[in-house]
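Visitor: First to last, the protein sequences are chains A and B. If you're matching positions, the first sequence starts at 2 in the numbering used here and goes up one per residue. If you're matching positions, the second sequence starts at 2 in the numbering used here and goes up one per residue.
No lab work stands behind these hints: they were computed from the structure. Please note: incorrect hints may appear among the correct ones.
Given that identical chains are not distinguished, each listed pair holds provided it fits within a single copy or across any two copies.
Said to hold, decoys possible - Each computed EDC-like pair below joins lysine to aspartate or glutamate, with the alpha-carbon atoms no more than 20 Å apart:
(1) K657 with D391
(2) K657 with E140
(3) K601 with E636
(4) K20 with E52
(5) K623 with D233
(6) K669 with D142
(7) K527 with E636
(8) K335 with E662
(9) K289 with E310
Protein chains: 2
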Amino acid sequence: MARDPKHDILFEPIKIGPKVLRNRFYQVPHCNGAGSDRPGFQAANRSIKAEGGWAGICTEYCSIHPESDDCHRLSARLWDEGDIRNLRAMTDHIHKHGALAGVEMWYGAAHAPCMESRCTSYGPSQFNSEFENLTYCKEADQDDINRLEQMYVDAALRARDAGFDIVYVYGAHSYLPLQFLSPYYNKRTDKYGGSLENRARFWVETLEKVRKAVGNDCAIATRFAVDTLYGDAGVEVEVDGIKFVELADPFVDLWDVNVGDIAEWGEDAGPSRFYRQGHQIPWQQHIKRVSKKPVLGVGRFTDAEKMAEVIRNGHLDIIGAARPSISDPFLPQKINEGRIDDIRVCIGCNVCISRWEIGGPPFICTQNATAGEEYRRGWHPEKFPKKGSDDSILVVGAGPAGGEAARVLMERGYTVHLVDSAEKIGGCVNAIATLPGLGEWGYHRDYRETQLNKLVKKNKDSQIALGRKPMTVDDCLNYGADKIIVATGADWRADGTSGLTHEPIPGVDAGLDWCVTPEQIFEGKKKIGKRVVLLNCDCYFMAPSLAQRLRTAGHDVTIVSGVELARYMHFTLESPNLHRWLHNNHVELIGGAWAARAEKGRVEIYDVLGDGWERQYRGPGKLPRAENKSHRWLEFDTLVLVTGRQSRVALYRGLKARASEWAGKGIKGVYVIGDAWAPKLIADATFDGHRIAREIEEKDPQHPKPYRREVAVWGAPHMPGGKFEIEYQQ
Amino acid sequence: MARDPKHDILFEPIKIGPKVLRNRFYQVPHCNGAGSDRPGFQAANRSIKAEGGWAGICTEYCSIHPESDDCHRLSARLWDEGDIRNLRAMTDHIHKHGALAGVEMWYGAAHAPCMESRCTSYGPSQFNSEFENLTYCKEADQDDINRLEQMYVDAALRARDAGFDIVYVYGAHSYLPLQFLSPYYNKRTDKYGGSLENRARFWVETLEKVRKAVGNDCAIATRFAVDTLYGDAGVEVEVDGIKFVELADPFVDLWDVNVGDIAEWGEDAGPSRFYRQGHQIPWQQHIKRVSKKPVLGVGRFTDAEKMAEVIRNGHLDIIGAARPSISDPFLPQKINEGRIDDIRVCIGCNVCISRWEIGGPPFICTQNATAGEEYRRGWHPEKFPKKGSDDSILVVGAGPAGGEAARVLMERGYTVHLVDSAEKIGGCVNAIATLPGLGEWGYHRDYRETQLNKLVKKNKDSQIALGRKPMTVDDCLNYGADKIIVATGADWRADGTSGLTHEPIPGVDAGLDWCVTPEQIFEGKKKIGKRVVLLNCDCYFMAPSLAQRLRTAGHDVTIVSGVELARYMHFTLESPNLHRWLHNNHVELIGGAWAARAEKGRVEIYDVLGDGWERQYRGPGKLPRAENKSHRWLEFDTLVLVTGRQSRVALYRGLKARASEWAGKGIKGVYVIGDAWAPKLIADATFDGHRIAREIEEKDPQHPKPYRREVAVWGAPHMPGGKFEIEYQQ
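Use the sequences and the hints to build the structure in full.
Guide: Given below as structure tokens:
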């Protein structure tokens with residue numbers, strides 16, 4: 002297919018200082034869990050995007066000095082020769098595919114807790130981080146400021162040596178240059194504080210020095226939160242924002258502009274639950290009015306029409322993307338080839354971000370199971386090894402796991418029958434996408450539905466059978482498939498069993514008319530009363546989403562939560578606005594409490610930590626603490642159970658129980674994936690499906706093959722030519 | 002000096018299976034942030050204890066298979082040849098000093114979130130982890146059980162190859178073998194569930210298989226939570242506990258016994274705030290009644306008298322220690338040499354543990370600044386490089402930073418004058434140790450006081466000057482010292498400034514009679530009224546400790562907290578019992594709220610997330626959200642301000658302002674450390690003092706020298722002889 006001429010504008014090259022971007026697709030800095038510590042992971046995860054057509058591809062935030070050590074979270078680092086060597090793997094591989102490599106030089110001040118380096122950081126004034134809460138920086142004096150500026154210069158020279166084409170002075174997300182600019186942090190009274198010119202001084206001086214140091218070897222970019230969203234307590238775009246752009250413009254080759262701060266950076270990386278594509282344009286659009294340089298910005302742009310419009314309207318010159326580039330590294334190529342319906346559209350769930358927020362683990366993507374697996378498992382997002390046998394495969398369940406397994410198996414050339422009792426591909430996603438704000442999560446289903454429908458046309462022996470009677474054990478045994486993959490999903494518990502007590506709640510039974518599970522709410526057959534009590538022991542979206550839905554429908558909703566409500570949504574950056582919603586809509590939250598028993602109309606709740614704080618041994622059969630006297634009754638009309646999930650195990654167990662019959666029926670193996678294996682994130686269920694499809698010929702396809710690891714090797718020092726033996730100071 | 006004969010019993014060798022422990026000091030498995038991923042850190046941090054006299058030294062929990070991947074937290078791993086190579090560095094270095102090396106083979110089931118490996122784990126029944134909350138395991142069928150048992154066998158063989166002498170089957174802290182044993186997790190109805198014998202089957206079978214596999218090459222240990230503290234919902238020591246010991250005893254060479262679970266493992270690693278030395282003895286003591294094998298247990302044993310008594314009384318055979326061995330790696334040697342007052346006694350603050358709980362960063366120790374720095378910085382806890390010059394050094398402030406700097410400088414042979422206006426060494430610790438439950442934190446001061454008093458006797462030109470008038474800039478400039486170290490500490494803010502708003506709270510002023518800072522409470526001069534409102538924006542112990550103190554004194558206390566109250570105490574395992582205390586004592590907590598302004602008798606508070614959840618650009622000077630309408634007044638008699646801290650900067654700033662005079666006065670440098678540099682943990686202030694004392698001759702003693710890093714090296718594959726290049730599946 003050919004590119005739609007409307008999208009030509011996206012493919013015009015653009016000059017940024019001494020460099021040229023081949024088109025308008027630009028992967029802004031985003032974390033992936035690789036940094037400079039996992040060089041293969043970093044090189045492969047970034048260079049796959051160069052292969053997929055992106056013109057500029059950046060590291061995540063990259064520390065310029067041990068004083069800015071964000072550990073426990075994982076940043077890249079450009080501290081020494083060892084880091085240069087490791088990051089060069091990334092730039093080399095990006096260059097092979099004709100793209101430019103960028104590095105985001107970062108100094109966090111008090112936002113960087115320095116838990117590895119144990120340094121004390123410097124800021125414009127001494128402040129306590131609102132992001133970290135136990136870390137303070139020192140107020141920089143003039144010596145300190147000189148030293149800080151030199152750190153950027155030295156790191157820029159190392160960046161150049163590592164092969165980077167674009168060097169950022171990173172001042173978004175409340176990091177150092179913005180701290181100087183913003184009166185929220187900067188309380189100085191010297192020439193670095195007070196007036197806009199004074200507050201801008203540190204940033205402008207740093208840009209000037211960096212430019213002088215790297216000359217024409219690198220383009221100079223700066224990432225700038227043009228509005229911190231605090232009104233006049235911080236930076237406002239039409240006040241200090243555009244004025245700063247005017248001041249700094251001569252020293253900048255590329256503006257990367259967004260909004261917000263670090264404590265609520267979901268205002269930048271807006272989850273689809275709250276923000277649509279292009280949600281930052283009302284702020285970003287002001288920059289091109291005053292800058293003579295190219296301007297780029299993010300906004301979870303996934304739609305080629307919207308991207309072209311944003312450029313055509315003069316709001317931005319370049320489309321910045323983090324999440325859409327993770328979800329589909331080949332997005333530019335697909336637009337270029339007119340393959341719009343092959344794009345794996347980012348659903349805006351922010352599960353990628355959650356792993357950075359958790360601190361440490363490699364990132365994952367709900368849509369793209371290969372994200373982060375390029376190096377470790379050798380998975381290319383668009384290329385699949387040819388099938389390793391002529392086995393035919395029955396996949397029972399077309400949800401995230403089964404759908405992805407069938408897709409990848411068919412991509413590999415296998416004959417696949419995908420069977421589901423639902424009328425539509427998508428499994429649990431079909432219901433989830435009806436929850437308030439989660440409509441875009443339906444893209445997960447849409448991608449698989451589109452691809453499977455295409456593939457089944459090419460694979461003449463394959464078929465997709467929807468709306469069928471649920472498959473029985475006998476159905477499967479007699480189906481005639483060589484291998485069977487069970488992907489039957491999971492249910493919410495009907496008896497109140499939770500991770501808190503591992504036991505049912507006495508009296509609770511979703512078979513009764515006053516008790517409902519999420520599935521029963523989706524089904525819509527049970528009447529929900531006016532006063533709803535929602536028992537929650539899950540840390541993610543189901544309980545708050547149902548609370549939103551029921552509250553919007555006019556119910557009075559009280560959530561009794563045994564765990565921190567929506568704790569995981571802190572990691573996905575959905576938490577602050579979710580809590581604002583619940584607050585504004587008068588959803589009552591009783592936290593740290595659980596249910597002892599329930600009966601029609603009332604539930605007995607207690608404070609989980611309401612027992613005695615002094616523990617002593619009192620002999621067998623006796624609890625070691627004082628009795629919990631916090632029990633009280635709470636009245637309701639309907640009790641909603643978001644207490645825990647359980648795999649739908651009947652089919653897989655039934656098949657295993659009859660393993661002795663498999664050989665006689667020509668069955669070589671039966672496997673279980675996704676929620677049917679164990680309830681998990683949609684991202685991990687999708688991964689399960691993808692993985693088993695790639696490893697179906699292995700000896701034990703049920704369990705993942707070992708993956709390639711990147712850790713320190715005893716005997717191989719980090720510093721080239723350095724020592725590794727233990728040596729005590731003498 | 003010679004050993005006290007009362008302590009001889011601690012130095013008797015003891016046989017454990019095919020091996021002999023040279024004495025009764027045993028470092029049980031504990032985390033340090035090294036695992037198998039930082040082999041030099043691991044080797045040095047463990048072997049320093051072998052040098053210090055410990056007889057057995059273990060890794061932290063060590064994963065036996067990618068299905069038990071605890072990432073984000075950092076465990077050791079014994080998955081492959083690469084791990085064997087890395088862990089061999091540890092065993093080799095331990096053996097050099099004549100100690101035995103142990104490894105704790107670990108499988109976590111649902112408690113291991115597998116965020117790196119993306120595996121699905123197996124457990125006795127499917128359950129949702131109460132520790133992780135979004136992870137579920139699959140209920141193991143017989144095939145799975147066989148596979149799990151074989152994982153232990155295979156890992157044990159790798160452990161033997163890595164040079165380990167002691168191989169654990171780890172069943173404490175709610176991990177897999179205990180999950181099978183405990184009805185809390187095990188709901189099976191087959192031969193692995195139901196009766197005690199059935200529930201014990203998995204564990205016993207695994208022990209038997211491991212023993213058979215390693216033969217006489219290794220001793221077999223098992224770590225067992227003999228009471229899970231749930232009464233009959235879990236394991237009770239005098240019911241299933243001792244019965245299990247009887248069943249498994251033939252297959253075990255060494256019992257390592259404790260109590261509790263993983264969700265509240267502070268019941269095992271009891272913080273001194275709640276638990277005294279030997280607090281687990283009431284449970285542990287039952288084991289020796291039924292076992293024929295050596296029994297060890299922990300209980301933060303730091304006192305040689307108590308240790309000898311525990312063995313003499315037949316409660317334990319071997320003293321297990323984690324925290325005391327971190328705080329003083331030379332504890333056995335010091336007892337052996339009769340140097341009891343040289344022991345750096347663990348204060349039980351659990352800051353070491355906090356880093357594992359946070360996930361990722363290397364551990365630190367409040368008492369022992371060299372913990373974790375053995376490899377990275379080459380710091381030996383008991384040996385110091387000789388002084389590098391004849392410079393005399395003035396240290397202003399004898400708190401954690403200044404006291405430690407003076408100690409280490411004197412150890413190095415420098416002439417030091419340590420000056421403080423207080424009558425006692427210790428700085429802020431003197432006040433902190435008066436807070437409820439924090440008395441043992443005073444050991445931090447005691448150690449430095451004892452050592453400094455000894456050192457000053459040896460260093461005839463050195464002196465300690467306490468109770469002096471506060472040093473002025475002129476005093477320091479004219480003192481005659483070559484170098485000046487400013488360690489003047491920090492204050493709590495008097496105007497309500499916090500990390501939440503970075504601005505004072507209108508109306509708040511600790512100069513008024515109804516407003517008090519923590520320092521003013523310690524001072525005791527201001528009258529505290531009946532109704533106290535405590536404004537908290539700090540995440541650690543000060544606010545809840547003051548609440549305890551004031552509540553105990555009869556005040557009504559309401560905490561208004563803008564941040565999660567005592568969030569850091571979740572990491573130190575103090576949180577659950579602290580919250581029980583606050584609950585039982587009717588301290589009211591208003592969370593997620595902050596103060597807009599205050600006046601005598603009342604404070605206006607608001608919900609931090611009480612503004613609108615929909616954001617839009619409304620132009621300059623306007624907030625992008627709907628107005629926060631949650632403001633309301635709260636009445637009080639006294640308002641306590643735990644809002645934020647600030648460095649006492651006057652002296653350092655004053656000295657820097659007169660830098661031009663330094664040369665004329667013979668001053669070569671002025672430095673700032675500890676809270677005066679930026680407010681920080683006591684551990685980090687102590688580190689600052691230690692570090693500058695070791696680096697005082699460097700060109701820039703103010704800033705730490707680079708340290709040795711251990712990360713993956715591009716080109717050096719983890720698997721010996723493996724590949725490192727990017728390779729996509731074909």
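Visitor: Now look at each hint and say whether the structure bears it out.
Guide: Hint by hint, here is what the structure shows:
no., hint, verdict
1, K657 with D391, "neither (23 Å within a copy, 79 Å between copies)"
2, K657 with E140, "between (66 Å within a copy, 13 Å between copies)"
3, K601 with E636, "within (9 Å within a copy, 40 Å between copies)"
4, K20 with E52, "within (19 Å within a copy, 58 Å between copies)"
5, K623 with D233, "between (60 Å within a copy, 8 Å between copies)"
6, K669 with D142, "between (72 Å within a copy, 19 Å between copies)"
7, K527 with E636, "within (19 Å within a copy, 46 Å between copies)"
8, K335 with E662, "neither (47 Å within a copy, 68 Å between copies)"
9, K289 with E310, "within (15 Å within a copy, 78 Å between copies)"
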